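Enquirer: Here is what each chain is made of, one letter per residue.
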Amino acid sequence: MLEIKDLHASIEDKKILKGINLEVNPGEVHAIMGPNGSGKSTLASVIAGKEEFEVKKGSISLDGEDLEELAPEERAHNGIFMSFQYPVEIPGVSVTNFIKTAINESRKARGLEDMPANEMLKLIREKSELLEIDRKFLSRSLNEGFSGGEKKRNEIFQMAMMEPKLAILDETDSGLDIDALRIVANGVNKLRGKDNAIIVITHYQRLLEYIVPDYVHVLHDGKIVKSGTKELALELEEKGYDWLKQEAVL
Amino acid sequence: MDLKDKLLSSFLAFESNVDLDNPVHEVRSEAIKNFENRGFPSKKEEAWKYTSLNSIQKVDFSIFPKKESTLEYKDIKKYFVHEIDTYKIVFIDGVYSSYLSETTHDGVDVCLMSAALTKPQYRQVIDVYFNKVASKDESLTTLNTAFSKEGAYIYIPKNKMPKKPIQILHLATGNEAALLLQPRNLVIAEENAEVQVIERHQSLTGNEVLTNSVTEIFAAKDAIVDYYKVQNDVNTASLIDNTYISQKDNSVVRVHTFAFGGKLTRNNLNFYQNGERIDSILKGVTILGEKQHVDHHTLVHHAQPNCESHQDYKGIFGEQSTGVFNGKIIVDKIAQKTNAFQQNNNVLISDKATVNTKPQLEIFADDVKCSHGCTVGQLDEEALFYLQSRGIPKREAQALLMYAFANNVLESVRIPELKTRINKLIANKLGVSLGFDL
Chain A
110 MLEIKDLHAS IEDKKILKGI NLEVNPGEVH AIMGPNGSGK STLASVIAGK EEFEVKKGSI
170 SLDGEDLEEL APEERAHNGI FMSFQYPVEI PGVSVTNFIK TAINESRKAR GLEDMPANEM
230 LKLIREKSEL LEIDRKFLSR SLNEGFSGGE KKRNEIFQMA MMEPKLAILD ETDSGLDIDA
290 LRIVANGVNK LRGKDNAIIV ITHYQRLLEY IVPDYVHVLH DGKIVKSGTK ELALELEEKG
350 YDWLKQEAVL
Chain B
162 MDLKDKLLSS FLAFESNVDL DNPVHEVRSE AIKNFENRGF PSKKEEAWKY TSLNSIQKVD
222 FSIFPKKEST LEYKDIKKYF VHEIDTYKIV FIDGVYSSYL SETTHDGVDV CLMSAALTKP
282 QYRQVIDVYF NKVASKDESL TTLNTAFSKE GAYIYIPKNK MPKKPIQILH LATGNEAALL
342 LQPRNLVIAE ENAEVQVIER HQSLTGNEVL TNSVTEIFAA KDAIVDYYKV QNDVNTASLI
402 DNTYISQKDN SVVRVHTFAF GGKLTRNNLN FYQNGERIDS ILKGVTILGE KQHVDHHTLV
462 HHAQPNCESH QDYKGIFGEQ STGVFNGKII VDKIAQKTNA FQQNNNVLIS DKATVNTKPQ
522 LEIFADDVKC SHGCTVGQLD EEALFYLQSR GIPKREAQAL LMYAFANNVL ESVRIPELKT
582 RINKLIANKL GVSLGFDL
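Chains A and B supply the protein sequences, listed in that same order. The first sequence runs 110 to 359 under our numbering. The second sequence runs 162 to 599 under our numbering.
In short, the hints are calculated from the structure, not lab data. Keep in mind it's a predicted model, so treat the numbers as computed, not measured. Worth double-checking, as some hints may not be accurate.
Said to hold, decoys possible - Below, in silico cross-link-like pairs of lysine-lysine (DSS-like), each with a Cα-Cα straight-line distance of 30 Å or less:
{"#": "1", "chain 1": "B", "residue 1": "K555", "chain 2": "A", "residue 2": "K274"}
{"#": "2", "chain 1": "B", "residue 1": "K555", "chain 2": "A", "residue 2": "K124"}
{"#": "3", "chain 1": "A", "residue 1": "K332", "chain 2": "A", "residue 2": "K114"}
{"#": "4", "chain 1": "B", "residue 1": "K585", "chain 2": "A", "residue 2": "K231"}
{"#": "5", "chain 1": "B", "residue 1": "K555", "chain 2": "A", "residue 2": "K217"}
{"#": "6", "chain 1": "B", "residue 1": "K519", "chain 2": "B", "residue 2": "K293"}
{"#": "7", "chain 1": "B", "residue 1": "K555", "chain 2": "A", "residue 2": "K114"}
{"#": "8", "chain 1": "B", "residue 1": "K325", "chain 2": "B", "residue 2": "K238"}
{"#": "9", "chain 1": "B", "residue 1": "K519", "chain 2": "B", "residue 2": "K530"}
{"#": "10", "chain 1": "B", "residue 1": "K555", "chain 2": "A", "residue 2": "K165"}
{"#": "11", "chain 1": "A", "residue 1": "K245", "chain 2": "B", "residue 2": "K585"}
{"#": "12", "chain 1": "B", "residue 1": "K585", "chain 2": "A", "residue 2": "K123"}
Only chain B is shown next, with the shape it has when bound in the complex (with noise of 0.2 Å):
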């Protein structure tokens, strides 16, 4: 049985567990029905072109983990950004852990989309928010939509800012010798409310893992969301993220994807401007090694006068590494005064690895500010011979190099404990030990 027909049995049985009295069961019933008409994506789909989800759509997932795992939290520390207090929202194979996280109902909501979606306290933010901005017709959103019964479920109501930054950790156990994830976030930031979230997927062994992950960000009017993607996944996991962003007047909205690892990852971006004076900002740093596979697709929709989009994505590209990088923008005929600015810089090191990069300017305002650029190139020998000539070898020049080129993308990450830890990983990554904490 292929991957497909699998799920749409799978979804029956899924179906039994489930309140399908529940006006979410609607919005499932429909998802099921569209990932049926669509299947998985093709490369003879634009979109798809360069990465491919056929290898992937020959193993055979468990859809649902048959056993419950528990971790100790000394065993999965280190996948926290744990040098400070943060509100946590822990999975073990897909499973909400309580013991390892640390919720909260303290004039915000930090706690679980299961709950959300099934106790009537929520039922009013999840008829207004629920599948409201992400795609009906995307295929692995929808499949997604389909299955969507757990994940991260954040409310930060009116002029409300939770205690401390949250962060999102799902793990994978390798209890399944092949586990599928689809695990589904809702992030609200009503008036004038600030949030800041850090999101991991990791898988614990050598036992693939897939995971399709949607997660809906709402930042209303003057609201501020950080959301910062931390992707360093074993080379036997993959990960389809698909974030879609509505954005009211005067919000900002800053995503940071840090794609160090994993086997595939394909990370859908989309943010939709609802309004004026509104700031998206995306920023990404790739690093990849082996035969790893990174592609960014993003989207901003500027449907509203005067607003700025900043994407900013640098990537380095060693071994036989490919890199994807489409970026593209709509400029809607009422958004005038738009700016936006796009650049995508890539530094292949290796003859073997490859790097496709395509902006994607779709406008039809004519008082606009839109400028894109992409460059494909290798690190600039004269600063290597620099370098040297002071003494520095070769290889942590190469480095230092690397870690300065990828290095303004980090001046916007606003909690300087992760800006530290990315700081770290990204010297790890490069596999050097620099003379100084980077």
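Next comes chain A alone, as it looks inside the complex (with noise of 0.2 Å):
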């Protein structure tokens, strides 16, 4: 589904991917950890298409389709979907309205006509309850002043809503506490399915406890360093990461 072929990319000249391997099939769920600084997050953002970001060398597919001249709207028509570290807040624009306004630009990309209002209403209805956000919740701005826990329910809302084929959670763990990391994994856990993939990006092994993944990669310095099933996370958890960056020395 999404191949990655010795991807190296910059941001104003500064060299942060240095040459990443990675194929990912459906029906898959990869984690990529790392220390602070490796290239984590450039990663997620660079198969989502930000701009900042400029590809040096290699290439992204996605279905045999190389994603490298589409634009981040593009891409998510194409069915990826990247869950945010740091979601941005949108006053005045209500989460029902902004995913109503996402899922009918998808669907007007694809030749489709907007989603009926009944049908929206029901799937809100479903998805919401998957990741038990109270009706209120949906009428409030978009990530305007949420909890750190409610931003990153919302995304994972989103992802529901929006049925990617390949979700990239980006530090999705980072600030929840132990309910709503539950709450949220288990939301995901029920999007997994064998047509689709995720890509979980953390820093810490505790996420992967609830969403336990198909293979672990360890990036370091722009580079997957070691790749290995879900018994590398603990390895990790256990060692830290020090190890790894000596033998990458080597």
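Dock chain to chain to rebuild the complex, using the hints, since each chain is given by itself in its own frame.
Expert: Written out as structure tokens, the structure reads:
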């Protein structure tokens, strides 16, 4: 589904990604771990199409289509979703109106009519229950005055609504208490299916107790220095990242 | 003949049509002398540094329209907030249109300045209020005072409130190649009275129009006045709006200025607090494109203790538009415990747009809270990426962000239908149709 080949990316001439290779197939969950500054969030942003980053070399493709020339919204239309570490506040636009706009824009791009209002309402009800989101919450301005937990839950709600092929969760666990973490993880797990894939980006192993990955990759200095199964995450939890850094130097 | 000379000689013609024995005429005569001495403001004056009236002075304006015009309601309906029932005071080329208006004397007076200035039953009120808060030496105000004759007259007696909001609409038909309009409005809310006014100037053709308007607003003890200025005129129409507000104890006056169009717009908005526990609220949304220019000059004069003022102006400038915000706050020595807040935030969405913003604080009291801030920036790239990553195209995403940026200014709009209308105007101005009603 997602194929990343020898990806090099820079921001303002600072090299951040230095040759990433990654293949994600339908039905899989991949975790990308690594110390601060290793390039985890950059990788997420580059896949989602953030223009600040310049791809210097290599390629990203989704279902065989090269993403390089596609704007972020076109990537979203093709089924890529990124849950933000720091979701942006949009005063005056309610969660409901925002998600309606997002969904209908994607439908428009696929040549479909707007989703009928009753269908939309039903979907909103179903997905907000999944994430234990109160109805009142949906009429509030998007992310404005939301707690850290509410913001993250809202991100996963949007993901649930948009049903992406590939979801990238960027540090979704940061700032969450254990209850919120469980709700969010539960929501994500219910969205796992044989046709979609998830990339979980995290600094800590904690989230992976709830969202169990098929593969774990360790990112260091812009490269994947080690890949393995979920046991690798436990090993990292125990030993930290330093041993890998040394290995990478060797 | 330049415009100043033309105006001075027109004053003689004007005098032949008014009652020279009326005490108001002394005020006019004094005013024309002041205007003669000062002339139009030039860019050399600090207050007019960024707004030039030079090109306007080269236009050969008609001072008095030669023929009367009529308009059909269906043709001008869209310029009203027509979703609600309101009193209406409508002028066509400066002349009152009784056909399009709906005035009242039922407990309150919602009628014409021409009547108030000439009829004996209004004499007492005119003596007390007319030209009492308007500047006696600001040149454009004196020019208006000299020719003051017509406009809206709104008088709300003690403990009264009109049954519905009042709309003042000034229409220019284009029957003259270039027309100068000088409406003069007087709004008085006596003790514990309340009133809501929506004002709009609209040119219907591409002919040149210059409006030099003066509005005096008096809010007595415990009175509440909401005044909404909708400025969305065509690109050949210019507006100089001079508004003067005098407030007494416990009164609340809110002025919202929605500046979305016109060639040149200058808003001189002056609040004078003459009592305690007063609240003055000044809000503005400016969205400009093309070569439009808007200059907001605000003044809040805190002259008594325990008062507040809140200013919040948001501006979005595209193409080659230019904006000015100059916010002056004076806190007299006696005005302790003043709480004055001022905020001006601007977004430039074009490399060729410019904005000049300047707070001007003169604080002579020592126990006050004054906060001010101004910003000029671009749209937040991170926010744009966030919206795009949700499948919203860049253009719509930009519009959504601009809408969100300007949105909180609308919170204090107390007429829901007007708020809806302004939201639509904003969406329209930003050139997008979003998937929901803003």
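Enquirer: Is the Cα-Cα distance between K555/B and K274/A 30 Å or less?
Expert: Given pair K555/B, K274/A holds - Cα atoms ~22 Å apart, limit 30 Å.
Enquirer: Hey, K555/B versus K124/A, does the alpha-carbon distance stay inside 30 Å?
Expert: holds (27 Å)
Enquirer: Given the proposed pairing of K245/A with K585/B, does the C-alpha separation stay at or below 30 Å?
Expert: At roughly 25 Å apart (the allowed maximum being 30 Å), K585/B and K245/A satisfy the hint.
Enquirer: Tell me if the straight-line CA distance from K555/B to K114/A falls inside 30 Å.
Expert: holds (28 Å)
Enquirer: Is K555/B within 30 Å of K165/A, Cα to Cα?
Expert: This hinted pair holds, its Cα atoms lying about 24 Å apart.
Enquirer: Is it true that the CA of K585/B sits at most 30 Å from the CA of K123/A?
Expert: At roughly 44 Å apart (the allowed maximum being 30 Å), K123/A and K585/B break the hint.
Enquirer: Verify the proposed pairing of K519/B with K293/B, using a straight-line Cα cut of 30 Å.
Expert: holds (28 Å)
Enquirer: Take a quick look at whether K555/B and K217/A sit within 30 Å of each other, Cα to Cα.
Expert: With Cα atoms ~15 Å apart, K555/B and K217/A stay inside 30 Å; holds.
Enquirer: K332/A and K114/A were given as a pair; does the straight-line alpha-carbon distance stay at or below 30 Å?
Expert: holds (12 Å)
Enquirer: Taken at face value, is the distance from the CA of K231/A to the CA of K585/B at most 30 Å?
Expert: The given pair, whose Cα atoms are some 28 Å apart, holds under the 30 Å limit.
Enquirer: For the pair we were handed, K325/B and K238/B, check the Cα-Cα distance against 30 Å.
Expert: Roughly 18 Å separates the two Cα atoms, so the pair holds.
Enquirer: Between K519/B and K530/B, does the CA-CA distance stay at or below 30 Å?
Expert: The given pair, whose Cα atoms are some 19 Å apart, holds under the 30 Å limit.
The structure shown violates just one earlier hint, number 12.
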